[in-house]
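With my numbering applied, the sequence shown covers 288 to 507.
By construction, these hints were calculated from the structure, which means they are not laboratory data.
A couple of the hints might just be wrong.
[Unchecked claim] Cβ pair distances, simulated, as ranges: (1) 390 <-> 448: 38 to 46 Å; (2) 337 <-> 404: 22 to 30 Å; (3) 445 <-> 327: 37 to 45 Å; (4) 432 <-> 376: 13 to 21 Å.
[Claimed, not checked] Heads up, simulated EDC-like pairs for lysine to aspartate or glutamate below, C-alpha to C-alpha not over 16 Å straight-line: (5) 407 <-> 396; (6) 390 <-> 400; (7) 390 <-> 442; (8) 457 <-> 369; (9) 390 <-> 369.
All residues carry an ideal CB built from backbone N, CA and C; glycine is no exception.
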Amino acid sequence: MAISTAFPHPCFEADMHSGNNELRSRARGWQRFLINLADGIDTVNDWLGRCISWLVPILVLNTCVVAILRYVFDLGWVWLQEMYVWTHGSIIMMAMGHTLLHKAHVRVDIIYEGLSERKKALTDLLGVLFFLLPMVGVVFWFAYPYVNLSINRLEGSPEAGGLPGLFLLKSTMLPFCASLGAQGISMACRSLIVLTGGDAGCTSQSQEEIVRGEVEVPCQ
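Construct all of the structure, not just a fragment, from the sequences and the given hints.
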C-alpha cells in the first residue's frame, strides 16, 4: 500500500539503510533543502499561472467585442483595441514561469528524449546556468530602469484616446524575470538531485503532483 505525503520526499527513501549515518544524514538534509526549495517555487509559479489564466476569457471576450463592433457596426475605440493587446501581453509575460514549470514551451527534441536521466539532468542544469539565468539577468538589467522611469512618469498610451496605464503593462517585465528565473532555479535544484545520486523519479513525476504535494511514498 502507499500513503500520500509531502515529507520526507521519496528521493531520500532509497538511501535510508545504506552508508555512514552521519554522511547520509548530511547528504539527505542538503538534498531535502533543494527539493523543498524547488517545490516552493513550483507551487508559487503554479498559483501565479492559475491566477493569470482568468485573463484568458477576458481576452477572448474583448477580442470578440472589438471584432463585432468593427465589422458589424463599423465602430471602434483605441482604448478597447489596446485592451486586448495589453491583456495578451500581460498573460504571456506573467505566465512564463508557469509555462516552463509544465514544460509547455515550444521545443524540438532530437537528442534529449533519448538521453538517460543523468544526462537529461546535466543538460537541464547547463541550460539553466549558461542560457536561461544569464538571459533573465540581462533582461532584468535593462528592464528595471526602463520600468522605473515609466512608473515615475505614470506613462500612458501614446495614442490619442488610448489607455492611461501603459506603465502597468511595462511593469510585467519584472514578474517575467522573477518567475522565469525562479523556475530555472527549480529546474537546477532537481537536476542537482539526480546528479548527486538522488532518485531520478523525484524529478520525473508529473508537475501537477509536485505542485500539490501529492507524492506516493511506499509504506515500510
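To see whether the hints hold, each was checked on the structure:
no. : hint                    : in the structure
1   : 390 <-> 448: 38 to 46 Å : 41 Å, holds
2   : 337 <-> 404: 22 to 30 Å : 29 Å, holds
3   : 445 <-> 327: 37 to 45 Å : 40 Å, holds
4   : 432 <-> 376: 13 to 21 Å : 20 Å, holds
5   : 407 <-> 396             : 11 Å, holds
6   : 390 <-> 400             : 13 Å, holds
7   : 390 <-> 442             : 35 Å, violated
8   : 457 <-> 369             : 14 Å, holds
9   : 390 <-> 369             : 30 Å, violated
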